[in-house]
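Enquirer: Read off the chains here:
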Amino acid sequence: GAVVSQHPSRVICKSGTSVKIECRSLDFQATTMFWYRQFPKQSLMLMATSNEGSKATYEQGVEKDKFLINHASLTLSTLTVTSAHPEDSSFYICSARDRGPGVTYGYTFGSGTRLTVV
Amino acid sequence: AQTVTQSQPEMSVQEAETVTLSCTYDTSESNYYLFWYKQPPSRQMILVIRQEAYKQQNATENRFSVNFQKAAKSFSLKISDSQLGDTAMYFCAPPKIQGAQKLVFGQGTRLTINP
Numbered sequence: 001g002a003v004v005s006q007h008p009s010r011v012i013c014k015s016g017t018s019v020k021i022e023c024r025s026l027d028f029q030a031t032t033m034f035w036y037r038q039f040p041k042q043s044l045m046l047m048a049t050s051n052e053g054s055k056a057t058y059e060q061g062v063e064k065d066k067f068l069i070n071h072a073s074l075t076l077s078t079l080t081v082t083s084a085h086p087e088d089s090s091f092y093i094c095s096a097r098d099r100g101p102g103v104t105y106g107y108t109f110g111s112g113t114r115l116t117v118v
Numbered sequence: 001a002q003t004v005t006q007s008q009p010e011m012s013v014q015e016a017e018t019v020t021l022s023c024t025y026d027t028s029e030s031n032y033y034l035f036w037y038k039q040p041p042s043r044q045m046i047l048v049i050r051q052e053a054y055k056q057q058n059a060t061e062n063r064f065s066v067n068f069q070k071a072a073k074s075f076s077l078k079i080s081d082s083q084l085g086d087t088a089m090y091f092c093a094p095p096k097i098q099g100a101q102k103l104v105f106g107q108g109t110r111l112t113i114n115p
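Those protein sequences? They're chains A and B, same order as listed. Residue numbers 1 to 118, in the numbering used here, belong to the letters of the first sequence in order. Residue numbers 1 to 115, in the numbering used here, belong to the letters of the second sequence in order.
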């Protein structure tokens, strides 16, 4: 089945530094990937849609200069949290659309990244 | 705009019991897919079941089945013979069929299976 690899699983960084999170589709090509943020005991909040070879589409209220998304290849999307601050601490999850049997689409998720900014 | 509502923030049942999680949604699309995902304590999102809106037959995956009422825009998840490993957050998600088809989620239902 489709697998999405997300790294790192945990990262601690100092306030003011930048952190990059990678999301790779291992056995399929993902023209579209999605980035989510999840606060404790809450649902996933969609941040942006990452499109291969073009600019990401951000959801309302998400700072595009704070959360830089790059989707340079069909198997890799990255999320860079720039000038991170403690309020950016959260659980970040990526997802990729994969083509299932026939024309049925599915969504496969990475295992998530817990970011702690100190 | 698509919206989903999961009206049960938390549920708790005994092992082997049957439990139904509710989900209602709003969409202007006529053809679409509906999903239920679970998120166990590991926080890995796992697809539980998928329903195609144009199919009248309710989807079934082993102990998991749905009650899909298209006119009512209702998509409930039934878990039969519940097991301890079913303890998780369950999210309902209705995607669109066109364009980027971004996947958004309801508020989730925290299900606890007690021994």
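Honestly, the hints are just simulated from the structure, not real lab data. Any given hint could turn out to be false.
[Unchecked claim] Okay, derived cross-link-like pairs now, SDA-like style, lysine to any residue, Cα gap no bigger than 25 angstroms in a straight line:
{"no.": "1", "chain 1": "B", "residue 1": "Lys102", "chain 2": "A", "residue 2": "Leu74"}
{"no.": "2", "chain 1": "B", "residue 1": "Lys102", "chain 2": "A", "residue 2": "Thr57"}
{"no.": "3", "chain 1": "A", "residue 1": "Lys20", "chain 2": "B", "residue 2": "Arg43"}
{"no.": "4", "chain 1": "A", "residue 1": "Lys41", "chain 2": "B", "residue 2": "Thr24"}
{"no.": "5", "chain 1": "B", "residue 1": "Lys102", "chain 2": "A", "residue 2": "Arg37"}
{"no.": "6", "chain 1": "B", "residue 1": "Lys102", "chain 2": "A", "residue 2": "Arg24"}
{"no.": "7", "chain 1": "B", "residue 1": "Lys55", "chain 2": "A", "residue 2": "Arg37"}
{"no.": "8", "chain 1": "B", "residue 1": "Lys55", "chain 2": "B", "residue 2": "Phe35"}
{"no.": "9", "chain 1": "A", "residue 1": "Lys66", "chain 2": "A", "residue 2": "Glu87"}
[Stated by the list, open to error] To give an idea of the interface, some chain B residues facing chain A are shown, with a C-beta separation under 7 angstroms as derived from the structure:
{"no.": "10", "residue": "Val48"}
{"no.": "11", "residue": "Gln69"}
{"no.": "12", "residue": "Lys102"}
{"no.": "13", "residue": "Leu103"}
{"no.": "14", "residue": "Val104"}
{"no.": "15", "residue": "Phe105"}
Just so you know, even glycine gets a beta-carbon here, dropped at the ideal spot from N, CA and C.
Enquirer: Look at each hint and say if it fits the structure.
Expert: Hints, verified against the model:
With a C-alpha separation of about 17 angstroms, the suggested pairing of B:Lys102 with A:Leu74 holds against the 25 angstroms cut-off. For the suggested pair B:Lys102 and A:Thr57, the alpha carbons sit about 10 angstroms apart, so the restraint of at most 25 angstroms is met. Taking the CA atoms of A:Lys20 and B:Arg43, the gap is about 20 angstroms. The hint holds against a cut of 25 angstroms. With a C-alpha separation of about 21 angstroms, the suggested pairing of A:Lys41 with B:Thr24 holds against the 25 angstroms cut-off.
With a CA separation close to 14 angstroms, the supplied pair B:Lys102 and A:Arg37 stays within the 25 angstroms bound. As the CA atoms of B:Lys102 and A:Arg24 are separated by approximately 18 angstroms, the hinted pair is consistent with the 25 angstroms bound. A C-alpha spacing of about 32 angstroms is found between B:Lys55 and A:Arg37, which places the hinted pair above 25 angstroms, so the restraint is violated. Under the criterion of a C-alpha separation no larger than 25 angstroms, the hint pairing B:Lys55 with B:Phe35 is consistent with the structure, at around 14 angstroms.
A threshold of 25 angstroms between alpha carbons decides the hint, and for A:Lys66 with A:Glu87 the separation of about 12 angstroms falls inside it, so the pair holds. About 12 angstroms separates the beta-carbon of B:Val48 from the nearest beta-carbon of chain A, more than 7 angstroms, and the hint is not met. Given hint, B:Gln69 at the interface with chain A, is violated; its Cβ is 21 angstroms from that chain's nearest Cβ, farther than 7 angstroms. A cut of 7 angstroms between beta carbons decides the hint on B:Lys102: the least distance to chain A is about 5 angstroms, and the hint holds.
The interface hint given for B:Leu103 holds, since its Cβ lies 5 angstroms from the closest Cβ of chain A, which is under the 7 angstroms cut-off. Evaluation of the B:Val104 hint against chain A yields a held restraint, the C-beta minimum of about 6 angstroms falling below 7 angstroms. At a threshold of 7 angstroms, the smallest CB-CB gap from B:Phe105 to chain A is about 5 angstroms, leaving the interface hint in force.
This entry does not satisfy hints 7, 10 and 11, going by the numbered hints stated previously.
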